[in-house]
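**Student:** One letter stands for each residue in the lines below.
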Amino acid sequence: MDWSRIPLALQLLAIDPEGLKGLWLRARAGAVRDRVTAALTALPLPVVRLHPGLADDALYGGLDLSATLATGRPVTSRGLLSQPAALVLTMAERVPPGLSARLAHALDARGHCLIALDEAAEEGEGLPLALTDRLGLFLDLDGIAWSDTAEIPMDHKALAEARALLPTVTLPPDAARALTRAAAELGIASLRAPLLAMAAARALAAWAGRMSVDDSDLRQAAELIYGHRALPVSEAAPQDQPEPPPPDPGEETPQDSADQSQSIPEEMLVEAARAALPADLLARLTAGRAARAAKGASGTGAARSGNRRGRPLPSRPGRLGSGARIDLVATLRAAAPWQPLRRRSAQSDAVLLVRASDIRVKRFRETSDRVLIFAVDASGSSAFARLAEAKGAVELLLAAAYARRDHVALVAFRGTGAELILPPTRSLVQTKRRLAGLPGGGGTPLAAGMQLAMATATQARARGLTPTIALLTDGRGNIALDGSANRAQADDDAQRLARAIRATGVPAVVIDTANRPQPSLAEMARRMDAPYLALPRADARRLSGVLSAALGD
Amino acid sequence: MQAETAPKIHALPKRTPSRQPFPFSAIVGQEAMKQAMVLTAIDPGIGGVLVFGDRGTGKSTAVRALAALLPEIDAVEGCPVNSARPDQCPDWAQVTATQIIRKPTPVVDLPLGVTEDRVVGALDIERALTRGEKAFEPGLLARANRGYLYIDEVNLLEDHIVDLLLDVAQSGENVVEREGLSIRHAARFVLVGSGNPEEGELRPQLLDRFGLSVEVTSPRDVDTRVQVILRRDAYETGYDAFMPEWQAADGALRDRILAARVALPQLTTPNTLLHDCASLCIALGSDGLRGELTLLRAARAQAAFEAVQTVTRAHLKAVAVMALSHRLRRDPLDEAGSGVRVARMVDEVLP
Chain A
1 MDWSRIPLAL QLLAIDPEGL KGLWLRARAG AVRDRVTAAL TALPLPVVRL
51 HPGLADDALY GGLDLSATLA TGRPVTSRGL LSQPAALVLT MAERVPPGLS
101 ARLAHALDAR GHCLIALDEA AEEGEGLPLA LTDRLGLFLD LDGIAWSDTA
151 EIPMDHKALA EARALLPTVT LPPDAARALT RAAAELGIAS LRAPLLAMAA
201 ARALAAWAGR MSVDDSDLRQ AAELIYGHRA LPVSEAAPQD QPEPPPPDPG
251 EETPQDSADQ SQSIPEEMLV EAARAALPAD LLARLTAGRA ARAAKGASGT
301 GAARSGNRRG RPLPSRPGRL GSGARIDLVA TLRAAAPWQP LRRRSAQSDA
351 VLLVRASDIR VKRFRETSDR VLIFAVDASG SSAFARLAEA KGAVELLLAA
401 AYARRDHVAL VAFRGTGAEL ILPPTRSLVQ TKRRLAGLPG GGGTPLAAGM
451 QLAMATATQA RARGLTPTIA LLTDGRGNIA LDGSANRAQA DDDAQRLARA
501 IRATGVPAVV IDTANRPQPS LAEMARRMDA PYLALPRADA RRLSGVLSAA
551 LGD
Chain B
1001 MQAETAPKIH ALPKRTPSRQ PFPFSAIVGQ EAMKQAMVLT AIDPGIGGVL
1051 VFGDRGTGKS TAVRALAALL PEIDAVEGCP VNSARPDQCP DWAQVTATQI
1101 IRKPTPVVDL PLGVTEDRVV GALDIERALT RGEKAFEPGL LARANRGYLY
1151 IDEVNLLEDH IVDLLLDVAQ SGENVVEREG LSIRHAARFV LVGSGNPEEG
1201 ELRPQLLDRF GLSVEVTSPR DVDTRVQVIL RRDAYETGYD AFMPEWQAAD
1251 GALRDRILAA RVALPQLTTP NTLLHDCASL CIALGSDGLR GELTLLRAAR
1301 AQAAFEAVQT VTRAHLKAVA VMALSHRLRR DPLDEAGSGV RVARMVDEVL
1351 P
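Protein chains in written order, with my numbering: chain A, 1 to 553; chain B, 1001 to 1351.
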């Protein structure tokens, strides 16, 4: 992103923080980011810093325990959201869904604005969708060197004037239509985007000291608001096909109209938004968005240690925040030795004097087991040459799984259908026996195998396990889901299932066991959002190594 | 006691609203969602609404608008569970007032990441520590009694909270047995859930508890979209001029809902209609009888809303998709969605 765009975005935010709702700032911590955040002091709101681990009582206020115990009557503290503020959320990529829902709610009520400092390092990380949809502005400082930057001019007086002008700024009558159309054409489904763009256009006009929004404001607003929301051309295109070509609003107004603001060709706005960001960034953001949508919500997580349920851990001193449960006995035990002293110093004859430092909270550790679901292609095309290797790899992984006490399930597909050879189990012996007895031959009902693997994964998840699917196939699916030998239909079914698996959010890995890597299989893995490994002439040990790496062991 | 504990039970708190929420009548399109919400307002026994759809389609707006639309309820002053009569107040609450006041129908937000204590209530630590009293601090379920419980992003809710809700939604009573407390109180509420299906599915058990389910999508045609934007913009920037007009419309709708509530018990339901319900559910193969019951209740509420005396097949058809689409066995390959399947079957079975 070009540095020249950044000061403008910040100035607009300072003019109308409420209307623009905030800023999604993607950058690593550093001097460049500091330069940007320093400009936030020009916002007409008090700056409040938040972090992802924030508890409810900090957000909304709650009982101040130390003060309460000291004074002997309930003392409540004020929450961070109790008055309008510019909320600066650090490490925004790690914000849990609960907090993002609360922040989203706070943004929906007017008054707040949120600056999310997103330090996402990896693909798929990033701000929750609930927030990206609501925040108007997006800035990416990646690749901007310190030497490219300059002090951001925040002229407080000029900003205040613009702010005063803002309520009187009017939009030309067809501006809403043009912005909405442009958003639709860019494949932006959310209707928050045009509203934010209108707010941005108003702020731009106010900043220029004009009473009404003109063309250039709209263009710049589209650039700022739509740039990062737009889908790549290929994905956005089908949406506007069923519509008749939009009538050019320019034709409706008198010819040679000098008043340009009467006719705003939305193509111009679309172009502006497209030009705002390089194409690869669009693609990257979209990919990241999809990955998050798929993986973000896998219900039961992997191992997690919490303070609500699970296997108890020793209690420890702590604050009674939200979610913490008091360990009464431990608290009393901690308080007991001090009672005579406290009674004397407080000159009280109360039975029990408890101080905040006595509080012990319960802790629990909760882990959910992983289950590896192997979907093994045992068809004729795959058999003989590769099946033995696939079996070997599975056996190696089994040994590793046994050491970690993972569960294993085995799905085989051959002939006209798939079969759950082994439901999720921890029994190594049984798995090995079933695996060894796995026959090969027949057609390749790839889709049926994937369907069964998906069903097994969903069931496992419902039981609190964390499933992972490993699909081992040569990709030459030729039996459709209904059992008919129809290659086209079979392909179609497999691709649809790939999408379905992705939608369930179960992590998966696709291992191509064909002698020559199959492009179609790589494509399918992409649809599944799964790593694809082509292993021509690989032995079992290497297969296993690659597989464990892909699964993140 | 209320004054002291009230600030502690904060879901997403309602700040003293300087503004009313966006009016219900001003929501453009999304007819199915609005219809479903009106039907549950007429007959809370239908059992809640699930709204699934894209971001920025007005799901939360509609729920918050509903809160402003709903008629007020009579409740004992200071009762934590909004009891209608003084003898219904739970004894642990030690409500001394007997005065009946009118208050807005509670619409309680259940945020994600909420703790069990907050949902069901727990020992009031504050009173236990400062005054040495064993007292119960009511949770969100208590506040939602006789009202609505709204769960945004319901599909991301943690499983143990879902289990809790299922249990209470079924029994209509919240039982707390913990930390030396043994407390029970009424907890009858209408569940309203919203979510984005891309982020995860809902467990079938919870799905089944929702009476009606609607899918919302962003409007496809530009004119509707433009209208949405213009109305919202008018609300944001010209609040004072915008509200009176729509508040009148909301008032008219509220009166219709109240009239429908009165008319509901007097409706005649022909036997053929029951037959229609059953044959439709059989044809669709929906599990259990909850489908039929909800379908019938929703059709009756629809008839009452239309201010007619007899429930007809047309009413049944008007509510069939929202009452049944979430009760079918899921077909992971059916991308058209189960709503389409229901609509198709309705046309086949009930010509």
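Think of the hints as simulated: they come from the structure by calculation, not from any bench.
A hint or two may mislead.
What the hints assert, rightly or not - Simulated DEER-style distance windows between Cβ atoms:
#, chain 1, residue 1, chain 2, residue 2, range
1, A, PRO96, B, LYS1103, 29 to 35 Å
2, A, ASP482, B, ALA1234, 50 to 56 Å
3, B, GLU1133, A, THR76, 30 to 36 Å
4, A, SER520, B, ALA1249, 53 to 59 Å
5, A, SER345, B, ARG1085, 47 to 53 Å
6, A, VAL48, B, ALA1314, 52 to 58 Å
7, B, LYS1103, A, ARG343, 31 to 37 Å
8, A, PRO173, B, LYS1103, 39 to 45 Å
9, A, VAL75, B, ALA1252, 43 to 49 Å
10, A, SER348, B, ASP1255, 55 to 61 Å
Said to hold, decoys possible - Away from chain A, derived, C-beta distances all over 10 Å, residues of chain B:
#, residue
11, GLN1035
12, ARG1102
13, PRO1219
14, ASP1255
15, ARG1341
Quick reminder that beta carbons are idealized off the backbone N, C-alpha and C, glycines included.
**Student:** Could you run down the list of hints and mark each one as holding or not?
**Tutor:** Going through the hints against the structure:
As the Cβ distance of PRO96 (chain A) to LYS1103 (chain B) is approximately 34 Å, the hint placing it in 29 to 35 Å holds. For ASP482 (chain A) and ALA1234 (chain B), the hinted distance range of 50 to 56 Å is satisfied, since their beta carbons lie about 53 Å from each other. For the pair GLU1133 (chain B) and THR76 (chain A), the supplied restraint of 30 to 36 Å is violated, since their beta-carbon distance comes to about 18 Å. At roughly 56 Å, the beta-carbon separation of SER520 (chain A) and ALA1249 (chain B) lies within the given 53 to 59 Å, and the hint holds.
Our hint of 47 to 53 Å for SER345 (chain A) and ARG1085 (chain B) holds, since their Cβ atoms are close to 50 Å apart. A C-beta distance of roughly 55 Å is found between VAL48 (chain A) and ALA1314 (chain B), which places it inside the suggested range of 52 to 58 Å. Roughly 45 Å separates the CB atoms of LYS1103 (chain B) and ARG343 (chain A), a value that falls outside the hinted 31 to 37 Å. Look at PRO173 (chain A) against LYS1103 (chain B): about 43 Å separates their beta carbons, and that is inside 39 to 45 Å.
Distance hint check: the CB atoms of VAL75 (chain A) and ALA1252 (chain B) are about 47 Å apart, consistent with the given range 43 to 49 Å. Separated by about 60 Å at the C-beta atoms, SER348 (chain A) and ASP1255 (chain B) satisfy the suggested range of 55 to 61 Å. Annotated as non-interface, GLN1035 (chain B) keeps its C-beta farther than 10 Å from every C-beta of chain A; the closest such distance is 20 Å. The Cβ of ARG1102 (chain B) sits about 25 Å from the closest Cβ of chain A, beyond the 10 Å cut-off, so the non-interface label holds.
Chain A draws PRO1219 (chain B) into its interface by the beta-carbon criterion, the shortest separation being 8 Å against a cut-off of 10 Å. Consistency note on ASP1255 (chain B): stated as away from chain A, and its beta-carbon is indeed over 10 Å from all of that chain's, at 28 Å minimum. ARG1341 (chain B), annotated as away from the interface, keeps every beta carbon of chain A farther than 10 Å; the closest lies near 17 Å.
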